[in-house]
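K.L.:
Single-letter residue listing:
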Amino acid sequence: MSGNYSYGHVATCEISLTSTSTMGEDTMAFTMKKTAASLLAGVMLTGLLAGCGQSKDSGDSDNTASSTEFYSAKFENGKYVEPVSITTVFPIGSNLKFKNGENIENNVHTRWAKDTLGIDIKYLWTVSDQNNAYQTKLRLMLTSKQEMPDIISFRGDQTLISDLIETGQFTDAGELFDKYASDTYKEAMAQDPDVWNPYIRDGKRMAIPLLDNAYNNDAVMYIREDWLKNVGMEAPKTIDELEAVMEAFTNGDPDKNGQKDTLALSIGFKNYLATWMSDAGWIFGMFGAMPNQWNENANGELVYGSIQPEMKPALAKLQDWMKKGYISQEAGLYDEVKASEAFTAGKAGIIVGPYWMTGWPLQDLKANVPGAEYKPYPLPAGPDGKIGRRGTSVNAGAVLINKDMKNKDAFFVYQNYLFDNWANPTDDGPFTKGFAEGYDYGVGPNGELYGEQDSDKIEGGWVDAIRYTLTYDGAIIPQLRINTLAKIANGEEAVTPYEKAMLRTIPEQIQAAKIVVDQKDSVMMNKFTGSPTKTQLSKGDMLEKLEKEVLNKIIYNKASVDEFDSFVEKYLSSGGEQFKKEVNEWYSSIKQ
Amino acid sequence: MQTSQTSNVVAVPGKQKKPLKTRGNWKRMLALDAMLLPAVILTLIFAYIPMGGLVVAFQDFKPWLGFAKSEWVGLEHFQYLFSTPEYVQVIWNTLIIAAMKIIAGLIAPFTFALLLNEVRSSGFKRSVQTMVYLPHFLSWVILGGILLDMLSSDGLVNQALGALFGIDPIFFLGDGNWFRFVVVVSDVWKEFGFGAIVFLAALSGINPSLYEAAEVDGANRWQQTLSITIPAMIPITIVVGTLALGNVLNAGFDQIFNLYNALVMDKGDIIDTFVYRVGIVDGKFGFSTAVGLFKSIVGFVLIVAAYRLAYKLANYRIF
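Listed in order, the protein sequences are those of chains A and B.
Quick note on numbering: this note's numbering labels position 549 of the first sequence as 1610, and the sequence is numbered without any gaps.
Quick note on numbering: this note's numbering labels position 12 of the second sequence as 112, and the sequence is numbered without any gaps.
Just so you know, the hints here were simulated from the structure itself, not pulled from any lab data.
Keep in mind it's a predicted model, so treat the numbers as computed, not measured.
Incorrect hints may have been included.
[Claimed, not checked] Covered stretches of chain B (chain A as the covering partner; in silico rule of three or more C-beta atoms under 8 angstroms from a C-beta of chain A):
#1 314–327
#2 364–377
[Claimed, not checked] Below, in silico cross-link-like pairs of lysine-lysine (DSS-like), each with a Cα-Cα straight-line distance of 27 angstroms or less:
#3 Lys367(B) / Lys1464(A)
#4 Lys367(B) / Lys1600(A)
#5 Lys1619(A) / Lys367(B)
#6 Lys162(B) / Lys1642(A)
#7 Lys367(B) / Lys1373(A)
#8 Lys1408(A) / Lys1317(A)
#9 Lys367(B) / Lys1399(A)
#10 Lys1160(A) / Lys1494(A)
#11 Lys1494(A) / Lys1373(A)
#12 Lys367(B) / Lys1265(A)
#13 Lys1641(A) / Lys162(B)
#14 Lys1206(A) / Lys162(B)
#15 Lys169(B) / Lys1595(A)
#16 Lys1464(A) / Lys169(B)
#17 Lys367(B) / Lys1317(A)
#18 Lys162(B) / Lys1606(A)
#19 Lys367(B) / Lys1384(A)
#20 Lys1206(A) / Lys169(B)
#21 Lys367(B) / Lys1606(A)
[As the list claims (entries may be wrong)] Non-contacting residues of chain A with respect to chain B, defined by C-beta distances greater than 12 angstroms in every case (computed):
#22 Glu1137
#23 Leu1157
#24 Lys1206
#25 Gly1229
#26 Gln1390
#27 Gly1552
#28 Lys1561
#29 Leu1607
#30 Lys1609
#31 Glu1610
Glycine is no exception: its CB is placed at the ideal position from the N, C-alpha and C atoms.
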């Protein structure tokens, strides 16, 4: 569940980061912050004290010696006989709790790694991950040329990973993956063939993707069931039916309070039109467009969604809906979370977002409006029967492996074990009940199992120990979660421990997950996952600003839909053309 | 180092230095200098040494190459900045919003302090003062959220306007001109109470015998205000104004960042929000440092100029 909240965390971090970084009245403080800090750390500390010790080529002699054997150190019964070490760095997120006086350096997870696998995990440094502190510290490490740890796992900003790869300090991880990864691990990785793309440099896979649950942020449509009953209508399957429902939701007093105070649809596109919650991307999807991302066209070329001609009819629709009051006048001012408030406050009848919205924030609806009911529905089809939704990547981040790491196989021994035993545990495996007794599960006197809900029955409270792992979530097989939920929704019996655990999910969530899987052919993935191109870096902000301004003005009827054409021309001539060329160069370099 | 004229009615505290005897005093001076040393060192480390990082403004900076190896591009970033119309617009926005803020931010606390000074009941005075400076301690992240609700089409403000004057809902945060208005008014509302503290301090520093003398001469309250209170506040007003001028390219990042949106970008996007997007989000350090450097230079020039002016016009010196 907690993985679902990650977007909320990202959002708050961003805000707090920006507010703190400008506290000083110093005119320079803003831009100087990074350079100042890096200069300080770099010049003052490493430069003076360490005396520029970059050339650290001492450990290569024992590396080459191991080529005859599969493992780099003596390995018996799934365990290194003499413990080998992995050095790393780690962010301590707000969802990380400790008990029994443990900390990240010494806890049930590090003991497990040592006892079970013979791997000694050492942390060079850890940081409380607020205001993107981990990212900042990694950047500092990069600029100050500190010694890099054996592995770095990082979730978030793609450019930082690119910069780290750029240092040349990290090894071809794909080669190691092919050699050491277990079958389960390889199968999980193969569920999305594009997952390596962001990390490919000169045909080499320079980092190992961290996998997330598949379709995690793919959209379904939630409709107020009681409103539908009140206006005597069925859930819409086409855009025409949808507009009829929206008309009734806006002007037909669906909440029966005698006032015209309702909205049909809650969307918030302050950040992006196609986004992770309070989404408007599906409206464009009905016309075969998908803004804010790179789609593959019929010629196998990547094209930027926001400037395609299919955008025009969708923009006209949005403009019309705004005029008729179906969507809030504030839609362009609200971000994803803010826009969802209209739905949870009982002021809007439709919202589109991921299946886990049922847990948060839609849970609030029942508290705010007694007797309110909602149900997930499939996205409606456009005039030509098209359905399109924004796809979400299973790539949550990456693990980089230092080329000077002594026992590079150790990471795979570690990760294989988690993929084989944790990701989809068996009935007699080591993780059937959870990661560790007394942490993420407890056993009662009569053998009953205590989980998160029975936190008070576990001595010292429930603690999610799997979050201590090097890869943050242990191991995730992308499609397992959603497929399991869909299976349960279809009434199949839960057999494995994983399936039994999923039984406890909120019923609406199970339904929503089934819809996500049923509509999986409508997914439109962002195909450009490389690092920012040259033009993107120099003109990206200007282009994005231009796009946002014009599209917003059209939706707000401050500009006519026909201005879209001149916008596209301007977009292409002020760098868009070059941008497209670079993106396709990247794409062809990946595809070969 | 000091001026012989001390004809000003209000003595700014710490202005009159006693002439120091140079001989025999060095021991005492040494102790004082030693006390100053930590501050000087801190300033050196945290303000001056990092200025070396400004070379980034002239480089195509790549973090993994560092300062030494990044490609030198000279003034390219600056040329790019001034040759692109969008960026020139951003600079104009910043100037306009900041200038309006500086002027309004000077008039409002000044007037407020004058009015509050006339209040007799000290309990009332204190509670009002406390209430008006409380918003200063709220962060813009919170206020931004509150304003977003208050100024929405069915929010408090529009409801009140509709009920009182029958005005159609105004799209405050979605219309460029209204946006600037909202930014300035909300900033003044947030800061005027805090800004008034300085003026109130200056007011309490006025010698009461001046008022007594004026009363003997038959001056009424209004005449006393015009002839004693306002002239006495001019120097501190100039000081505040001078310091504020250095901020003419600071239009308030926190505020704008939390309030702006695509609809008001053309009138509301300022240098700081722009640098944030380009520098931090897109990771173009060289360019954003160049913009920051430009901002600092303008701020520096303005402070020096204003300081000179303040010296010429009001005979005011900080050092």
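K.L.:
Hints broken by the structure, by number, lowest first?
P.N.:
1, 3, 11, 12, 17, 24, 25, 26, 29, 30, 31
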